[in-house]
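Peer 1: Use the sequences and the hints to build the structure in full.
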Amino acid sequence: MDRTKVIKFTLKNSTAVLFVLIFIMFGLIAPRFFTLKNFQNIMSNASYIGIIAVGMTFVLLTGGIDLSVGSTMYLSAVVCGKLINEFQVPVVLAVLLSLCVGLIIGMVNAFAITKLRLVPFITTLITQTVARGFGLFITRSVAVNYPDSVTLMSTSKVLGFIPLQIFIFLVVVLIAALVLNRTRYGRQLYAVGNDLEFAKKAGIKCDRLIASTYVISGLLAALGGFVTITQIGRVNAGFGSGEEFDAIAAAVLGGASLFGGIGTVFPGTVLGTVMIEMIQAGLVFANIDIYIQPIIMALIIFMAVFIDSVRTTQIHKLERRNILKA
Amino acid sequence: MADVVFSYKHITKRFFGVHALKDVSFELERGKILGLVGENGAGKSTLMNIMGGVLEPDEGVMQLHGAPYTPKSPLDASAHGIEFIHQELNLFTNLSVSENISISKFPCIQKTPFFNKKQMRFCCKELLDSLHLDISPNILVENLSPGERQLVEIAKALSTNADILLFDEPTTSLTAKETENLFAIMRRLRDEGKSIIYISHILSDVISLVDDIVVLRDGQVICGGPIEDFPIHRMINLMVGREISNVFPERHSTIKSNVILKSNKVSETGIVRNININVREGEIVGMFGLMGSGRTEFARMVFGVDSYREGSIMVQGEPLPKHKPQESIKRGLAFITENRREEGLLMDYPILENIALVSLPDFSAPITRLVNTKRLSKEAQEIGTSLHLKCTSLKNQKVKSLSGGNQQKVVIGKWLLKHPSLLIMDEPTRGIDVGAKYEVYVIMDRLASEGTGILFISSEVEELMAMCDRIIVWSQGEVMHEFLRKDFNQEHIMRIAFRQSLEYGSNEKAVANGQD
Amino acid sequence: AGAKEAKSDEITIAFCFQDLETEFWVAGHKAITETLRENGIKVIEKNANEDANRQLEQVKDVITQGVDGVIIIPQDGESAVTIAKVCNEAGVPIGVFNRPPSDRSAKNLVVVANNEVIAEAAVEHMAQEAKKLGRKVYPAIMVGDLGDPNAVGRRQGFMNVMAKYPDLWAQAPVEIPTKWDANVALANLQSAMQANPKIDFLFTSSDFLFPVIKSVLAPLGKWNLVGDPNHVILGGLDGDVTAARLLEEGYLDATGVQNLFYEADLMLEAMLLAIKSGEKTPDKWMDDPGFALTQANLSTKAEEMWGWVLYKEKK
Amino acid sequence: MKQSLRKQRPDEGTPMMQKTALTASSRTITMHASLAKRLLLSEYFVLYLTILYILVLTPIIPRLWHPMNIQNILSNMWPLLVVAIGQTFVLILAGIDLSQTSVMAMSSVIGAVVMTSSADPILFTKSPLWGVLLSEQGGLLGASAFAVPVGILVMLAVGLFIGFLNGFSVAYFKMPPFIVTLVSMMLFSAMAIYLTKSENIRHLPQAYLQISKTKGSFISGSLIIALFLAIIAHIVLTRTLFGKRLYAVGINTTASEISGVPAKTTIIAAYMLSGACAAIAGVLYSSRLEMGRPTLGSTLFIDIVGANIIGGISLAGGKGKVTWTIFGVFFFIILANSLNMLNLSFYIIDMVKGSVILVAALLDVARNSIRKSQM
Ligand SMILES: Nc1ncnc2c1ncn2[C@@H]1O[C@H](COP(=O)(O)OP(=O)(O)OP(=O)(O)O)[C@@H](O)[C@H]1O
Ligand SMILES: Nc1ncnc2c1ncn2[C@@H]1O[C@H](COP(=O)(O)OP(=O)(O)OP(=O)(O)O)[C@@H](O)[C@H]1O
Ligand SMILES: [Mg+2]
Ligand SMILES: [Mg+2]
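Which chain is which? The protein sequence lines are A, B, C and D, in order. Counting in our numbering, the first sequence runs from 1 upward without gaps. Counting in our numbering, the second sequence runs from 1 upward without gaps. Counting in our numbering, the third sequence runs from 1 upward without gaps. Counting in our numbering, the fourth sequence runs from 1 upward without gaps.
One thing to keep in mind: the hints can contain errors.
Unchecked claim - Okay, derived cross-link-like pairs now, DSS-like style, lysine-lysine, Cα gap no bigger than 30 Å in a straight line: (1) 179(C) <-> 30(C); (2) 213(D) <-> 378(B); (3) 72(B) <-> 400(B); (4) 330(B) <-> 264(D); (5) 85(C) <-> 321(D); (6) 319(D) <-> 390(B); (7) 324(B) <-> 317(A); (8) 200(A) <-> 398(B); (9) 213(D) <-> 107(C); (10) 378(B) <-> 201(A); (11) 215(D) <-> 85(C); (12) 205(A) <-> 105(B); (13) 198(C) <-> 157(A); (14) 395(B) <-> 22(B); (15) 136(C) <-> 164(C); (16) 174(D) <-> 280(C); (17) 205(A) <-> 378(B); (18) 30(C) <-> 314(C); (19) 115(A) <-> 201(A); (20) 105(B) <-> 72(B); (21) 314(C) <-> 42(C); (22) 200(A) <-> 319(D); (23) 400(B) <-> 378(B); (24) 5(A) <-> 105(B); (25) 174(D) <-> 5(A); (26) 330(B) <-> 200(A).
Since the hints were made in silico from the structure, they are not lab data.
Peer 2: Spelled out as C-alpha cells, the structure:
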C-alpha cells in the first residue's frame, strides 16, 4: 500500500521530477548553472512568454486557439513606444493604453468567434496578419526605441528582491490559477472545453466564457509585450512573430490539450514555459555547438512529453478502483 | 379541481424530414408522477427537451402555473423550477463529481469570487448519501462507471429545489437496488408536492411508480389517464399500435457441445479474480450482478479492450491474444458495449458508416482495398429494416440525431452485419422499447439457434431468466454461482448477487462454477 | 493602380527584398526605393518574408507585369542564381543586392559586400584592442539565424580572427545563438554571461542587438566606455544608427560597415544603363569592399557609414 | 384504434391544413432564391468564391489572365497542393502535422546529397557529410543515370520515416500530435541545417530540374504529379477501407478500436502519408529552386493549414475532402498572386490580405447558417 503511494506520488509529480533532473544534469555539466542568479535569469526570460502562455491556456481550455498573440505583442509595444516618443504621453498612461490595444484585439477575436461564428484558427490568423500589418504601417517598419524610464523598469525590484518581470509573471500565474481552480468562471471554462453542447444544456453562458478567454489572451499578450520591452528596449518589425507557437508549445508541454478541457496554469503551463527556457539556458551554459543545440532541445522536449504520456497511462491504471473485496 | 402546474398545448416539432411531434397536448398535476411511454423515436425526449428549454417548439404553447411559458434556454427553464435529467448523460468528465453537481451555481464564499469548496463537497456528499452512492465527491467523473454517472446526474437534478422534475430514462444503467432507491426518493418528492415526469421503457417500473400515464406514438398522444386503467399489455398495445401478446419470445434451446469461449482463471488485480466461464455454441449465458460487480470489466477483457494479468481466454480451443479487439473480431467475437456514446458509436458519422464500420474489410476488394459501397449499403439497409430502425436516411443522417433507442439498434446492427460466432452483449436492451426489445430477443434466439454463442450481461433479472440457458451471478469481481435454466429463481439470484447465502448453499462462495 | 502596359517613357523597376526586420534592411530598402523614385522611376515593392520560394513567385509575378528591371535582395546566394535565371529567360535585367549569387551561371548585376571580410575587419580591430590589454581575453560571438548566409559569413569572419591569434584567447569562443530574435538573444546572452562571467570580448553579428547587449551588460557592471578596466571589447556589423551613437559615445569599439548608399548608387547606375541601352541580360560584379569603423578611424571614415549619416540627420 | 383521452384534444384538421399551406408558400420563396442559394450551399462554395474574386479583380488587373500569370499561378499551386493534401489526412484524424516543413527541408537536402553532381569544398568541408556522402564529385550518385529516381525515392523515404516517427509516437505513446510534430519539426530542420552547415546544395541533375519546368502551355511534371496525387488521395479517402477508417478514428478513436479498426496503424499511416506528401512537395519546390535547401518551406505551415481550414476542414477531425483542400489552396494562391499583381505598398498588403480572408470566412459562415436552417 505504501509503495504504491510512493509510486503514485512520483508519477503524479513526474513533470516536476523531470524538471529537477534536467536542472541537476545541466548543473553537473556547468556548475555555475546552480546559481540563484541563473535561476532568476531563467525565470525572468521565461516571464514574457509565460504570461502569454497563461492567456493561451485559457483559450486552449475552451478548445480554441489564438494565433494573434505575437502580433498583439508587437502592435501594443509599438503603440506604447509611439505614444511615449511622439506624443509625450506619460509612461504609465502609455502602458495602460497599450494594454488596451491587446484588449481590443482580444475583443475583436471574441466578437468574430462568438458572434460571427468564425473558426478561431482563421479569425486569429486574420487578426495576426492585420495587427502586424497595422503595426508595420504606423512604424513604416522602423524600429521603435523606448526611453530609459521604460527599460529601467526591468532592473527595478519588487520588495527589494523580485525583479519586476518575474513579479508580474508570478502575479499573473497566481491570479490565473486561482481563477481557474477556485471560481465558478474557471470551473465552467473546463466544462465548456469538455463538451460545449452539454455546457449549453447545463445553462452555462458558453459564448460569454469563450469570448472572455480571447480578451484575456489579448490582454496578457500585450502585457507580455510590455514585459519584453522593458528588457530589450527596442522593438523591430519582427518583434513577437512566431511567439504564438512558443506559447502554444509551452502550454501543451505543460499538459494542455488543443481540444479543450484539459490543462492547468500552475503547475502545467508554468513548468512548460520554464522548462523550455531552462533547457535553452542549459545548452548555452554547457557551451554546446550551436548547430547541435536545437537538436538536443528537441530531444529533451520529446523525452519530457514521452514521460508525461507514459505517466498518464500508468496513473490511469493505478487509479482504477478496486472492486474486489480485500 | 386538479391542480395543474404545467400544460402542453398543441405542440408540434419537426426536424428536417422527421415530424417528431404532432399537436401534443397534456397536463401535469401537482404532487403527481406522470409516466410517459412510447416506442423509440416516439418523441418523448423531444417533448422533454422542449419543456427543458433545449428545443423550441415549431408550433404550440406551454403554460406553467397558468402563465405562458417560453423558456429561452436550459438555464431559463431551471430558473422556472424545471429540472431535467437527460437520457444521454450530460456530465463533464474532466470535472469532479461535486463540481458537476454544482456546475451552474457554485456557492461563493461571502463577498469573494471564490467558491466554497468545503461546503460544495459537503452538500454533494449528502446528496450522494441520499442516493446510497458511495463515491468521493472529489473523484473525476471520467473514473465512474455508467451507473454511477447516472446517479450523479440524478443527484445534480435533485440538488436544486425544482418544482418539476423530468426524468428521461434515468434507470438505464441502474440495477434493481438503485432503481428502488431512486423510486423511494421520487415518491418522497411527490409527497412533498413536486411534479415529476418519468420516461422509461421498463413498463413494470412505470406501473409501480407513476400515478398517471400518457402514451405517445409517432409523435402523437394516443391515450392518457390514471395508471390503474393501463395494465401492461394495454400499454404495450397502445404504444406499438398493434396486438403484442408476449414480452419475451419463446426460447428454443439449441445448445451444442462445442465450447466457443472459455476463460481460464482470469484475474486482474483489483478487478476480477479467478474467473472460469465457458460459452457453448448456441448457448445464451447470462451474467447478472449488482452495479460495479465486474461484468463489464470482464467482458472487456474477453474482447481484448482491456488486458488482464493472469489466466487465459480460449476461443474455439485456441488462445486469444490479449488486448487486440481486431484479432477478437477476426476470431468471430462481437461486443456490444454498455457505453454506446463513447465506445459504441461514432456520433458524428452517418448511420450507414456506423453499421458498416466493423465489417468494412469484408466489403473491400483484396488488394486495392476499395470498398464495395453498393453491396454494403444494400446489406446495411437490410439490417436496418430487420431491426425496425427509425430514421430518414441511412446514408445522410448522423447517428447523433437518432432517438436513444434507435442509436442502440445501430450498435446491435453493426455487429449483426459481421455474423459473429460469439456475441457479447453488455446491457443490449438498455433504452429500447418493448417492441424493439422483443426484436432483439428474437434475434438472440435466432442467432443462438444458428449456433452463435451469446454472453448476455443484463441488470434485468426477468429478461435474463426469459432468455438464458444459464445465468452466472457476479459479486465484487467474482463469480458467485451459476444457475441452470431449470433452477432459475429470481429471489435466489438476487440473494446471491447480494452475497447472502441460499438456504442450500454454504455462506460466501455458494457453488463452484463451471460444470466441466 | 495598374496599367502596366509600360508607357515607353516610364520605367518600372521591381524591388524584391527578403524582409525588413532590422534597421539595416529598412535603411537599405529606403536607400534603394528613394534613389529610384528620385530618378523618376516607378517602383514595385515586394516583401518575401524570408521565404526564397515566395520570392521566386513574386519575381515571376512582376515579370508578368512587364517590369523593365528587377532588383532583388535574395534570401541567399543559391536562390539568387535561380531567380536570376528566371529573369534571364524572360529577358528582364536583374540586379542582385547585398547577398552574392553562389555562382556566375546566371547573368546579373551584382552589388555585394563580403560579410566575412567585413566581419573580419571589425573583429581584427577588436583583437588589436585586446592585445593592448596584455592579457588573454574571453571571446564570445552572438550568432544569427543559422539558415541565413549573412549570419554564417559573419560568424566565419569572426572565426578567422580567432584562428589568426590563437594565443590571445583564454578559451574557445562562446557561441550565443540569437536566431535573429531579440528575445532569444537576451535570454541566451544572459545565460552565457552567467556561465562565463569573464567574457570581455563580444562580437554581435548584427548591430540591431546592441540594446539587448546593453540591458544584459549594464546590470553586471560591464557596460562601460572604451578604456575602462571593466569595458567589454565590443564589436558589431551593419553600421546602423545605434552603432553610430555608441561609437560616438564611446561604448563601442568597432562595427563592420557596408556602404549602403554607395551600393545603392552602384546598382542603380548599372541597372539604368542596362535598361536604357536595351540590354536584357547585363552581367557585372561590383564589390563594396566595406570597412570597419572603429574608435581609431572614427574621425576620418565616419561619414562613409550610412548609420552615421542617418544619425547625424536625426540629430 | 381506441382513443380514450382524458385531456381534451382539439380537432386534428385545422393545424394540418395550416401546415400544408405554410410549406407550399415557403416552397415558392425557395424557388425564387434557389439559384443563389444553391451556389451558396454548394460544396464548391470556396471555389465559386475564388472565381468571383477573380472576376471582380479582372478589370483592375487585366494581366491576371495573361498566360504567363496563369502559368505562375499553376506552378505556385502544385507544390502547396501536394503538402496540403498530406496535411488533410492528418487533420481528418484530428491530428496536426507541423513537421511537414522540416520534411521538405530535410528531404530536399538528403535528395540533393544523393543527386548533386558537384559540391564546392569551400562551402561543404565543414559539413558532417563531407567525405562521407558528399565530395567534390558531388553526391553518391552524382554522375549516375539513376541519380534522379533514386534521389526521389530517398526523399520519399525521408518523408515516410519522419512521418512514421510522428505517427508512432502519437499512436503508441498517446503523445499529443501538436508537440510531437513540433518537436520533429525542430529536430529535423535543425538537422537539415546541421548536415549542410547552412549551405544550399546546387548542381542538381537536369532531369530533376525538368520536373517543375513548364512544357508546352501549362503542362509540367508538377502538374501531373500533383493532380495524380490529388486523384489518388480522393479515391483513398472516399472509396477505400483505409479512408473510411481514417474518418472513424478521427471522430472517435476508442469506439473505432472496439469496432476492430486498427487505429494505431491507421494513425501511423496517416502521418506517413503526410510526410510522403511533404517530401513530394519537397521535390517540386527544390526542383523549382534548383537546390537542396535546409530552410526550404520553413514559413509555409500557416499557408498549409490555412488552406485546409478555408477549404472547410476542421481541426477537430472527422471532416475533410480532397476537393475542399484543392479549393482552399487555390484560394490562397490566387490571393497571394492577386496581391502581388495589385502592387500595393507592402505596408498595407497584410491588412488587405487579412480583410480578404475575413470576407471569405464570413461568407462561409453565412452559408453554413443558411444551410443549417434549410435542413
Ligand atoms: N436533432 C435531431 N435531428 C433530427 N432528428 C431528430 C433530432 N432529435 C430527434 N430527432 C428525431 O425525432 C424523433 C423523436 O426522437 P426522440 O428522441 O424524442 O424519441 P424518444 O421518444 O425519446 O425515443 P427513445 O425512447 O428511443 O429515447 C426521432 O425520430 C428522432 O430521430
Ligand atoms: N477508478 C475507476 N476508473 C475507471 N473506471 C472505473 C473505476 N472504478 C470503476 N470503474 C468502472 O466501474 C465498472 C466496474 O464494474 P463493471 O461495470 O465491470 O461491473 P458491472 O457489473 O458491469 O456493472 P454495471 O452494471 O455498472 O456495468 C466498470 O465499468 C469500470 O469501468
Ligand atoms: Mg429519448
Ligand atoms: Mg456493466
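Peer 1: Decide, hint by hint, whether the structure agrees.
Peer 2: Taking the hints in turn, this is what the structure says about them:
For a cut-off of 30 Å, the pair hint linking residue 179(C) to residue 30(C) stands: about 24 Å separates their Cα positions. As the CA atoms of residue 213(D) and residue 378(B) are separated by approximately 48 Å, the hinted pair breaks the 30 Å bound. For the suggested pair residue 72(B) and residue 400(B), the alpha carbons sit about 23 Å apart, so the restraint of at most 30 Å is met. Straight-line distance between C-alpha atoms of residue 330(B) and residue 264(D) comes to about 17 Å, which keeps the hinted pair within the 30 Å bound.
For the suggested pair residue 85(C) and residue 321(D), the alpha carbons sit about 38 Å apart, so the restraint of at most 30 Å is broken. Between residue 319(D) and residue 390(B), the direct Cα distance comes to roughly 25 Å. Compliance with the 30 Å bound is thereby established for this hinted pair. For the proposed pair residue 324(B) and residue 317(A), the alpha carbon gap of about 18 Å is at most 30 Å, so the pair holds. The suggested pairing of residue 200(A) with residue 398(B) holds, with an alpha-carbon distance near 20 Å, which does not exceed 30 Å.
Restraint check for residue 213(D) and residue 107(C): the C-alpha separation of about 20 Å stays at or below 30 Å, so the hint holds. Taken as a hint, the residue 378(B) and residue 201(A) pair is broken in the structure, with Cα atoms around 38 Å apart against an allowance of 30 Å. For the suggested pair residue 215(D) and residue 85(C), the alpha carbons sit about 17 Å apart, so the restraint of at most 30 Å is met. For a cut-off of 30 Å, the pair hint linking residue 205(A) to residue 105(B) stands: about 12 Å separates their Cα positions.
At most 30 Å may separate the alpha-carbon atoms for a hinted pair to count; residue 198(C) and residue 157(A) meet this at roughly 25 Å. Our distance criterion of 30 Å between C-alpha atoms is met by residue 395(B) and residue 22(B), whose separation comes to about 26 Å. Distance restraint check for residue 136(C) and residue 164(C): the Cα-Cα separation of roughly 14 Å lies within the 30 Å cut-off, and the hinted pair is therefore satisfied. The straight-line distance between the Cα atoms of residue 174(D) and residue 280(C) is roughly 59 Å, outside the 30 Å bound, and the hint therefore fails.
A distance of roughly 45 Å separates the Cα atoms of residue 205(A) and residue 378(B); the hinted pair therefore is violated under the 30 Å criterion. Taking the CA atoms of residue 30(C) and residue 314(C), the gap is about 15 Å. The hint holds against a cut of 30 Å. Only pairs whose Cα atoms come within 30 Å are accepted, and residue 115(A) paired with residue 201(A) is accepted, the gap being roughly 19 Å. Between the alpha carbons of residue 105(B) and residue 72(B) the distance comes to roughly 18 Å, so the proposed pair stays at or under 30 Å and holds.
Between the alpha carbons of residue 314(C) and residue 42(C) the distance comes to roughly 27 Å, so the proposed pair stays at or under 30 Å and holds. At roughly 23 Å between alpha-carbon atoms, residue 200(A) and residue 319(D) fall within 30 Å of each other, so this suggested pair holds. Restraint check for residue 400(B) and residue 378(B): satisfied, since their Cα atoms lie roughly 22 Å apart, inside the 30 Å limit. The hinted pair formed by residue 5(A) and residue 105(B) fails the criterion: a straight-line CA distance of about 35 Å is larger than 30 Å.
For the given pair, residue 174(D) sits about 25 Å from residue 5(A) by alpha-carbon distance, which is consistent with the 30 Å threshold. A hinted pair counts as satisfied when its Cα atoms are at most 30 Å apart, and residue 330(B) with residue 200(A) does not qualify at roughly 41 Å.
Hint violations for this structure: numbers 2, 5, 10, 16, 17, 24 and 26, all remaining hints satisfied.
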